[in-house]
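Visitor: Chain by chain, the residues run as shown.
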Amino acid sequence: MKKIKIKVNGKVKTVLDNSKLSDLLNNLNIPIKKVAIELNQEIIDKKRTSNIKLKKSDKIEIVHFIGGG
Amino acid sequence: MKKDKLIIANKKFDSRLIVGTGKYKSMTECAKAIKLSGTEIVTVAVRRVNISNKNKPLLMDYIDPKKITYLPNTAGCFNSKDALRTLRLAREIGGWKLVKLEVLGDKTNLFPDMIETLKTTEVLAREGFRVMVYCNDDPLMAKRLENSGADAIMPLAAPIGSGLGILNKINIQIILKQTKLPVIIDAGLGQASDATIAMELGCDGVLVNTAIAKAKKPFEMALAFKNAVLAGRQSYNSGRIAKTLMGNPSSPTEGII
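Sequences listed follow chains A and B, in order. Numbering-wise (my numbering), the first sequence opens with residue 1 and increments by one. Numbering-wise (my numbering), the second sequence opens with residue 1 and increments by one.
Just so you know, nobody snuck in bad clues.
Quick look at which bits of chain A chain B covers, simulated, 3 or more residues with Cβ under 8 Å:
no.	segment
1	6-18
2	21-30
3	34-44
4	55-66
In silico BS3-like links for lysine-lysine, alpha-carbon gap of 25 Å or less:
no.	chain 1	residue 1	chain 2	residue 2
5	A	K11	B	K54
6	A	K5	B	K54
7	B	K56	A	K11
8	A	K7	B	K54
9	B	K81	A	K11
10	A	K34	B	K25
11	B	K81	A	K7
12	A	K34	B	K56
13	B	K54	A	K46
14	B	K67	A	K46
15	B	K97	A	K47
16	A	K3	B	K54
17	A	K33	B	K67
18	B	K54	A	K47
19	A	K34	B	K54
20	A	K7	B	K56
21	A	K34	B	K66
22	A	K46	B	K66
23	A	K33	B	K11
24	B	K54	A	K59
25	B	K97	A	K34
26	B	K66	A	K33
27	A	K47	B	K66
28	A	K59	B	K81
29	B	K56	A	K13
30	A	K5	A	K59
31	A	K33	B	K54
32	A	K34	B	K32
33	B	K54	A	K13
34	B	K23	A	K34
35	A	K46	B	K81
Please keep in mind that the hints were generated in silico from the structure rather than gathered at the bench. No residue lacks a Cβ here, since even glycine has one placed at the ideal position from N, Cα and C.
Construct the complete structure from the given sequences, taking the supplied hints into account.
Guide: Printed below as a string of structure tokens:
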């Protein structure tokens, strides 16, 4: 299977070509209810992550809340 | 006594103390200080999930967003674009519409960039956010923010984390006099009495982070701030006596032997 490189939170990750965003989130063990996700600077509807296929050079940001003033 | 509630964006709160969740030694310490402070609103920052350490503790596991209102902030944003991106993401995490906007202009004094802040407030209000705005203690800017759709004005007491207390009481009083919005003193408080002074001026609330988190005894300081805010509000509601230059005896002058 062909592999592609993407960036997740600034770090390069290798994933299978045509794999889905939901696969990546599962592999990373992301608590989906507690995060927000951006794909190439666009916010992703968390209910639709299984409809999104990852492409070469995609940039994904996964954010959550941390302590702050 | 009549219920004296803090109302922000139609939401009612019993506590007038808002507490930041940054700078604590641990999540456990943070959660305990928050509990002791009696606060119902905490500020939180939006940051990348650490994807290499999956077991890192999550804030939401320590402070339940169902019980305490999360107020996402834009700390670390120096322009409108970044602030908007941050708050749109924050809203996505769990539908938060009430947010704290802060767009800073200088990395050393941490003063707000009011031009970027004003611009961002307009956009956020149009997008349906309820915006509490960190701002300078400038009465003109405070009015402009109100006219741009802000839900609360949050003037600084002094630079963020400085602990200097309220530097310009007159400006704060002018801001209070001319606005219909809740005014929350944000940033720069150092000790509990600073919060009392803010409340006695007639402010609707105070936001404290460093003064509690970095106190030698954060739990005691959290309690001190809780009591200070209550005392200040009671004092304000009680109607203070007029100031006089000369003394007035407290005991009757008649019948002196």
